[in-house]
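Enquirer: Listed below are the residues making up each chain.
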Amino acid sequence: MMQRRLIAFLILLVGTGIGWYVYSSGYSGSRPFKLGLDLSGGTQLVYRANLSAIGQTDVGDSMASLRDTIERRVNLFGVSEPIVQTQHAGTLAGRPEERLIVELPGVTDTQKAIDLIGQTPVLEFRLLKEDAILSDISTSTVNKYFESAAITGKDLKSAQIQFNQAIGGVPNEPVVLLTFNADGTRIFANLTKENVGRYFGMFLDGSPISIPSINESIPDGKAVISGNFTPEGAKELARNLNYGALPVPIELISTQTVAGTLGEEAVRDGVMAGVWGVIAVIFFMMFWYRLPGLLAAIALLVYIVAVLLLFKLIPVTLTAAGIAAFILSIGMAVDANILIFERTREELEAGKNTREAITDGFARAWPSIRDSNISSIITAVILFWFGTSLIKGFALVFGIGVLVSMLTAISVSRTFLMALGIEAKTGLVRFLFGSGTHA
Amino acid sequence: MFIIRHKNLFFCLTGALVLASLISILVFGLKLGLDFTGGTLIEVRYDGMRPASNAIVKSLEDAGFTGFSLRESGTNGYTLRMHALTDLQRGKLSATMSYETATAHIDQLTEVGPTIGKELRNKSFIALALVLLCILLFIAFAFRKVSEPVSSWTYGLIALITLIHDVIVPVGFFAILGSITGAQVDTLFVTAILTILGFSIHDTIVVFDRVRENLRVNQERNRREDFAETAGRSLGQTFVRSVNTSLTVLFTLAILYFVGPESTSDFALTLLVGITAGTYSSIFLATPLLVAVEKKRTK
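As given, the protein sequences belong to chains A and B, one line each in that order. The number in this note's numbering is simply the position in the first sequence, starting from 1, with 5 added. The number in this note's numbering is simply the position in the second sequence, starting from 1, with 660 added.
In case anyone wonders, no lab produced these hints; they're calculated from the structure. In this text the structure is predicted, and so the values were computed from the model without any measurement. Warning: the hint list may mix true and false statements.
To be verified - Distance condition first, Cα-Cα at most 27 Å in a straight line; then the derived DSS-like pairs of lysine-lysine: (1) A:397 with A:357; (2) B:691 with B:778; (3) B:956 with B:805; (4) A:117 with B:956; (5) A:397 with B:778; (6) B:718 with A:117; (7) B:691 with A:397; (8) A:117 with A:39.
Using the sequences and the hints given, assemble the complete structure.
Expert: Structural data, given as structure tokens:
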């Protein structure tokens, strides 16, 4: 008995401690809640990567390098905590797609966000087809006459501005010197060795800027783009290429921007709804289930602080849908208690003593609690799979809620009930353990 | 047990409810939201009074916007829907929506490409089918040891029927809501429906679980009892807890609807209707159906 009371006391103590921690570290403390874009305000951009020029085996590589490039770019502009991630969309959209998702908290001007990403140039290398003649080429026929070369923008290590000293070129013309990385150097050496005499086109954002012919194998991984640059133009190109030449072209397919004020309102209303929801549920439980109801209310509070702590530790990115899931879970968390208390009352009425009735009440209500929670978990898992980030937020919170509430509703309220150590079956006890219209 | 005795009455009531929902879906139809159709949705808000809508329409047309629809939202805002935006249009959106001294603040801008819409549409149907299938399998599994007098599959199938009821009713309700407030079926709505499925089954499981237990006790004590009697008794024993477990959820949902964020208010309302329907069906449809099936088999 003493031991149970000690455990009950410890639960209260730890619960209060966690509650204090969650409250004090609130939104701004050492571990603030992570808010999704719909609550914090910001912009999400979704791009489709055009991988038609990339071999099947290089897709993963290219997407990773695309992500890194965009990430560098975004960081450069001082957006705090941006998220850049790639996503493989299955065949449900018709054909598989590789996507890039960019989340920019705090950026609420969509066009500015798009420009920020869009300024990153796409550098491509293509070879002139063997049967084509250079002089036939105009801007509209470029795609017809060129085939993609094995080397891409992701093989680039750095770009720098130089002034042309080469014989045959325009003296002192500004040019951009490209240096390839180790992989790129090897590929470029092979490429130039095997294609001596062919024309090698360098394309920036789809238009040719320089089409030199390959005179000899280039083993040192350096190439020069000369395209009638002004010194400023060459400098800008070199800088943009350094910040990141995209390995593959991307196309914007969806955007979402939410103003910070709207998010603040949603957070405020959500917290309000949560507080009132808890009060309503606690009031109902104490009104209908009396003493056990009070203990269920304490278990509910333990549930709430435990889940909030998990939100911080995992951390779970909270969205408006996630808050809705949490509020929904507050109503569902006491369901196990309701099943247990109803059962306990039945056992009491069947003539068992209080202690037995409680033990049997818990044991016999368990199969129903287990089975019904499993169905909710099934839903949560499928929702998580189905989800856009919005729905994933809901599913994650819902799933955590179901699991944690099963634990708290059963173990915490059981510990408290047992700690009370009521053995007698006086009229008062009957009343305290009664419910609703029952004595 | 009253409900079992008058089960035909409740079957009629349930049938009428489902029929009314289906008619509402046919008459009003469901408006697919942006996530499914693709397109652009813009919410703007003004500091003071919003300008007259014809001024904004003219300003938009002058700026080269075509095929848009402008709708008042809240007390001082507008909702603008249209097809894809060009970079140029997006850049001067706020300026275009402003009029004289009323500066437009863009609260929300959402653009969805057509492939994403198609993907989400397909995913929604698959998710719905998957949830139904998994729950059917799970119930059949959970009740696998019960075979007399009705098989475990019957429990699963009846659970499935009540679930279909629980989906049709809120969808029918949403069709009406859509025609009044312009509410649209989006991914959040699909989430609400799937959540209803997961939760509504709780009460049905509780009743079935009690039927299962009472059948076992009868067998152990060699007591002969009519199945209708056993089922009715089980329903009576679990009636209060079915209602109470739903009540606590309905409380929080009602508060979420009235107090909570605007973005989840349609969601909360759909859940309110769906969970009410779910509680109704687990009490007035599931067990009566179980009894009806058993009667058919013994005849």
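Enquirer: Straight-line Cα separation of residue 117 of chain A and residue 956 of chain B no greater than 27 Å?
Expert: violated, 68 Å
Enquirer: Below or equal to 27 Å on CA atoms is what counts here, so check residue 691 of chain B against residue 778 of chain B.
Expert: holds, 15 Å
Enquirer: Does residue 39 of chain A lie within 27 Å of residue 117 of chain A when you go C-alpha to C-alpha?
Expert: At roughly 24 Å apart (the allowed maximum being 27 Å), residue 39 of chain A and residue 117 of chain A satisfy the hint.
Enquirer: Can you confirm whether the C-alpha distance between residue 397 of chain A and residue 778 of chain B stays at or below 27 Å?
Expert: holds, 19 Å
Enquirer: Holds or violated: are the alpha carbons of residue 397 of chain A and residue 357 of chain A at most 27 Å from each other?
Expert: violated, 46 Å
Enquirer: Check whether the Cα positions of residue 956 of chain B and residue 805 of chain B lie no farther apart than 27 Å.
Expert: holds, 22 Å
Enquirer: Can the restraint linking residue 691 of chain B and residue 397 of chain A be considered satisfied, given a maximum Cα separation of 27 Å?
Expert: holds, 23 Å
Enquirer: Straight-line Cα separation of residue 718 of chain B and residue 117 of chain A no greater than 27 Å?
Expert: holds, 26 Å
Taken one by one, the earlier hints fail for this structure at numbers 1, 4, listed in ascending order.
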